[in-house]
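Undergrad: Order-wise, the sequence lines are chains C and R.
Numbering of the first sequence is given in the working numbering, commencing with residue 132 and proceeding in unit increments.
Numbering of the second sequence is given in the working numbering, commencing with residue 6 and proceeding in unit increments.
In short, the hints are calculated from the structure, not lab data.
Treat the hints with care, since some could be wrong.
[Stated by the list, open to error] In silico contact screen, one side only, chain R against chain C (beta carbon under 7 Å); selected entries:
| id | residue |
| --- | --- |
| 1 | Ala24 |
| 2 | Ala71 |
| 3 | Gly74 |
| 4 | Leu77 |
| 5 | Gly83 |
| 6 | Thr97 |
| 7 | Asp101 |
| 8 | Phe112 |
| 9 | Ser119 |
| 10 | Asn133 |
| 11 | Trp145 |
| 12 | Ala187 |
| 13 | Ala191 |
| 14 | Ser195 |
| 15 | Pro198 |
Ideal Cβ positions, reconstructed from N, Cα and C, are used throughout, including at glycine.
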Amino acid sequence: MSDETPTSVPPEPLTFSESELFIDCYRLMKRIRMVEERLSALFADGAIPGFIHLSIGQESVPVGVSRHLTNSDTIAITHRGHGQALAKGMDLTPFFAEMMGKQDGICKGRGGSMHIADSSIGMLGANGIVGGGLSIATGSALAHKLDGANHIAVAYFGDGALAEGIFHECLNLSALWSLPCLFVCENNGWGEFSKTDQQFRGNLKKLAKAFGVSYQFVDGIDVGAVTDASESIILAMRKKPHPYVLECKVERFHGHFEGDPQKYREESDLATLEERDPIIYLREKLIRAGIAPAILEDIESRLAQEIEQAVASALAGPNPEFTTAKSEVYAHE
Amino acid sequence: MRMNSESVRFGQAIGRALADAMIEDDRVILLGEDIAAAGGPFGVTRGLHAQFGSQRVLDFPISEAALVGTALGAALTGYKPVAEIMFMDFCTLAMDALVNQSAKTHFMFGGQNSAPLVVRTPHGGGLNAGAQHSQCLEAWFAHIPGLIVVCPSNSEDAYGLLRAAITDPNPVVFVENKTLYAKKYAFSESQQPISLGSARVARVGKDVTVVTYGGAIHWAEAAAVELAEDEIDCEIIDLRTLQPWDEATVLTSLTKTHRLVILHEAVESFGIGAEIAARMADIGFDELDAPIRRIGAPYTPVPYSPALESEYAPSAAKVTASVKEIVL
């Protein structure tokens, strides 16, 4: 769908600050990966009800973007949004508790994976509707612009949302009003069970251009490319409000939803996914740059500990009461 | 006795409510198609752009889905947007933002935040505007937990209810009957906000209760005058808020009159009247001396031709006939 084709650059030695940056990215990406692998296991065990959609293979995008966001910047995320939420700074225990439908969940067990939100960090909500967050982010960007502050809104969306009319409405409005809205397309090549090229005849780059909106493509295998692109894009948006489209090519390692047997996907596609794993890519880059594997293993064991503590704490929590839920259909002020 | 009472058009009262809300709270902004320099298709927002400027009165492109979604995003980021959807029929294009997003925000996210936005929209026929510019779709929204639905019938109520809707932390669908815009009603300069969910006894009577809302109240009032000649004394309840509706006021009236007629312009089947009838048949069963009657539009799209539309719409004559069926 894009003019660019993904390319991988050979790893190079890193400066000290690059090492710091990439080790931090590694920790954040690995954290998302390990959380989702844990979710996958919990789901298989029946500890998580409903539907969950994993973003394994796409971790580089929210990690690269969120590095340049503060809690005053807002994001609207997708149904495949665990990484987007965690990269923005969500705590793990209320996150896991929400997945399990517990009272101590960030949404008191009323949202679940598809409807998780954390207003304390500017995370306006995941969305069960494809493209549902786009106009919310656009409106949030309007608020930022009216405030006259230099905050921005990020609208995460998948390539599956490109054929939704709301995307076109929001791109038009953002361009028309010069809204500081960063449209981040996590292009994993699949819209649910169908390939993107069977659903979308357009071209995102040309579409952005048609509205006069700046566009950049990055290969999501390289978190460094995502963070570099995001940094300059977001800096410019803060200086002078305007919309921007950032398209990141990534792969969806798991099914549309957890438990999806993916019979529609060719074996050769599934077999070569590891070659496109942004975490393996980064790990190799770090090792080749001379970072001791023990440092990365230490990160992983700490993450495992953090995750297990959060899972145990979430599992031990009480179930929500229906009477409490029922009393909060409306806000009372 | 009210001071400074004057006559103000329904549409102007809404404009005054918007202006006063904007003066009181900088976070109130208006979004809508042709609402700025053009003043809105019915002139409701006339003058507000000149008074408050382009930062607070924003002309929106013809994108209803994005209009309500944008209002929600701004609401979640500290503003109190009032969005205008030019005709209620166009709400269909914004249903995701209203039903799946705004209505769910407070509940689904565990009460972390709420969606303090108002969607103003005109409903109703009488203008020969045809099937896509005349519908009364309020029952759809009353069916969605999380939305508040308001429908005023005169200038003071329009002002007071809109002021309350704007300060309310929840998403409010504010329905304006378009035949009322040019009508003049008494208006007190000291009109205060009116609590959402409170009905008004528009006419005190003892023989039959007619529950209605919005522009339909004129049919009820005309029927009451006619019925008074036959010594039938109607009590008219103006619901004002459709969700949550004022069950207690309706029940109190039913307890006095023991007869109930529900009138609205919307299609009768599955309408607001169906809910009120079912509820009163439940909690007011012992009070009823006659079957509950509903009067609404027939189960057809709104027709275009004046010859058809005049027959389609409810009327005072239909109210009179219904009341006589259960009173005499």
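Undergrad: For which of the previously enumerated hints does the structure constitute a violation, in increasing order of number?
TA: Result: hints 1, 6, 10, 11, 12, 13, 14, 15 break, sorted rising.
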